[in-house]
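S.K.: Listed here are the chains, written in short residue letters.
2 protein chains.
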Amino acid sequence: MTKSEKVAIISTGMTEFGDLYEYEITGIANIAIHEALNKINLPKKEIESLYVGNMGSHLFEGQENLGNLIATYAGFTCPAFKIQAADASGAVAVRNAVKAIQSGSKQKVMVLGVEKMTEATKQYEAQLALASGLDTNWETRMGATMAALFAIMAKAHMRKYGTTREQMAQVVVKNHYNASLNPKAQYQNRVRVETVLNSKMLADPIRLFDATSLADGAAAIILASEEVAYSYDSEPVFIHQVKQGFAPIALHLRDSLTDLSGTEFAAQKAYKDMGISAKNISVAEVHDIFSIAEILAIEALGLVEKGQGGPATENGDTSLKGSIPVNPSGGLKGRGAPLGAAGVAQIIELYDQFKGTCDERQIKDIEYGLAHSMGGSGGTSVVSILGR
Amino acid sequence: MTKSEKVAIISTGMTEFGDLYEYEITGIANIAIHEALNKINLPKKEIESLYVGNMGSHLFEGQENLGNLIATYAGFTCPAFKIQAADASGAVAVRNAVKAIQSGSKQKVMVLGVEKMTEATKQYEAQLALASGLDTNWETRMGATMAALFAIMAKAHMRKYGTTREQMAQVVVKNHYNASLNPKAQYQNRVRVETVLNSKMLADPIRLFDATSLADGAAAIILASEEVAYSYDSEPVFIHQVKQGFAPIALHLRDSLTDLSGTEFAAQKAYKDMGISAKNISVAEVHDIFSIAEILAIEALGLVEKGQGGPATENGDTSLKGSIPVNPSGGLKGRGAPLGAAGVAQIIELYDQFKGTCDERQIKDIEYGLAHSMGGSGGTSVVSILGR
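Protein sequence lines correspond, in order, to chains A and B. Taking the numbering used here, the leading residue of the first sequence gets 1, the next gets one more, and so forth. Taking the numbering used here, the leading residue of the second sequence gets 1001, the next gets one more, and so forth.
The hints are simulated quantities; they were obtained by calculation from the structure and are not laboratory data. One thing to keep in mind: the hints can contain errors.
[Said to hold, decoys possible] Quick list of simulated restraints, FRET-style, between CB atoms:
1. B:1322 with A:274: 53 to 61 angstroms
2. A:273 with B:1204: 27 to 35 angstroms
3. B:1043 with A:162: 35 to 43 angstroms
4. A:321 with B:1255: 52 to 60 angstroms
5. A:279 with B:1277: 52 to 60 angstroms
6. B:1255 with A:192: 58 to 66 angstroms
Idealized CB from N, CA, C, for every residue including glycine.
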């Protein structure tokens, strides 16, 4: 057995994100799985493990053996299981698959992020699903929702740094714009600041258009060690780092309402291990589950100074032509947020950016790309760095 | 970074299994976690990842960010997440943790298997939990339960091999006897064959006493690479192999009703990679979720010939003083079956057997010990081999 530090992405597959009412969860999974296999004509038996990132299969499908279910109906005969860390499930699955390749025991593994949410037709069930990523006793059962907790963070950020309601709305405007250039995005419509500001209030200052919505979707990547990768791709894209950071699950247990400490930790560790800094990041896909989350994320990642997330967004620094484009895919807000699929879709967007296949949303001269995923209100954070 | 193939168990901790009504899931987890840490005076910050094996935290606690929750209330600040593969969740978590050590990136990781089931006071919810490990569409929604599927397997085995109702009952008698020698077991009472045969019918031929019951419990192990292990233990117990096998999730999709093909595959692969055979196994902990499951398992593992699972049990071959003791702990049936904890508890029993701390249920002269865990009706199988 040999040991490879860098892990290559040798293929990808992805459904459109949105209301895929025609398909069950196995059907959605199969679209992404077979696209990834077919692109490189890879026989199924060459996949040695299937890592499924999924958050809510019990709530949505009554299913707690999802890896085995999806493997069965995809025609795989390899080990399969589910990895779950709330809405960071897909990213954590990628992290574990990367370790499996690094352990030398696997040559090719697939990570599938998948979620089928729209069958839960009641908004109540979707709120429950999201709230199950929080502290069950001291947040969820006390009536806190994800929107309420991010509203607290938003208020604290506004007070501390002067972040404005309009700046938060600009995140949404940008991500819808980017999504309109992404054929697989859930939302193809552009929105104006006024639309966001006039939308229904969820939890002051967060309004309906600041939030992501229900979506179905699947995203699959095939990973391989460096020595295997060149058989499939003469210019592979590599995952150089996947770091996971911790913060207490409950917002009230954290030292700060405005710092995503788990994200900061993971990002700094990733930069340090690579000998780079945030300045070497050319493009980032971040966890914009609410608009304020993108502002918090780009600060925690060091892409902008603390307190500058709002102004940087307003100035266009994070737009496609800005100094540090954020969420070129449209993000969770625009591309869509099928929870378990979100973290894997981010990796695919960066892969596509490196491959130069992003048409109107293509970023030029990318040194490194960064993906940032969170579980719950920030208790779980995953930061991945991709490059050549 | 160095690379180690063998992975050592450097500490263990475990709650009693049963109705631990005084504790929430975080409380149960903390007992096992702190016992494992305290035994070797390991500071929490030295644990680099927490792998949580759990099946039903959404059904039982409405919690989908369980790793983060447990890490928070245990005082960890390391990455944490949940791994789920129905009732094999604990064993699959061990497999992933072993790979993390092998990848060279982690020196010490903890695997916690945990389940809190007794709060689901309605038997209906427990049946739902178990059934969520089956094929949701073509089994669960058609009314199939775990008991019903294992009843089909039992009937097929009786017809093909002449396995008797009494032989199945002997599995229960043996495992309750072993449990009566295990202070942490849920059931301390011994039972007679007649008790099993006269218990309430669940799904012919499976009766109430053939089945495992609701339990709460947690089991934790700390894993380290070989070079680290000797700092904590001059005679470490090693996990030499953890293999996962696949079978279609639905019983009707399998080639045979009497062969656990995923278990066979995993066992044969483990034996082959070690250059041993089933004859080198001195003791086994197997997945006796129903009594027939133990008979199927010992055949699939090659510990007895096909069709000989019933007679071998009847003859006492699998008893504590038999040629191949099976489930010395009492198994899922006697020790208890908190679903996500079951696979980790098996590893702890083997560890204790190697350490010679099992008092009246101690097996002598152990060469290798084998742990076998399954998810659902056998779609997911994990086989681990422990030794010096």
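S.K.: All the hints need checking, so say for each whether the structure fits it.
M.R.: The hints, checked one at a time:
1. B:1322 with A:274: 53 to 61 angstroms: holds (56 angstroms)
2. A:273 with B:1204: 27 to 35 angstroms: violated (59 angstroms)
3. B:1043 with A:162: 35 to 43 angstroms: Distance hint for residue 1043 of chain B, residue 162 of chain A holds at roughly 41 angstroms.
4. A:321 with B:1255: 52 to 60 angstroms: holds (58 angstroms)
5. A:279 with B:1277: 52 to 60 angstroms: Since the Cβ atoms of residue 279 of chain A and residue 1277 of chain B sit about 58 angstroms apart, the hinted range of 52 to 60 angstroms holds.
6. B:1255 with A:192: 58 to 66 angstroms: Roughly 60 angstroms apart at Cβ, these two residues keep to the hinted range, so it holds.
This entry does not satisfy hint 2, going by the numbered hints stated previously; all others are met.
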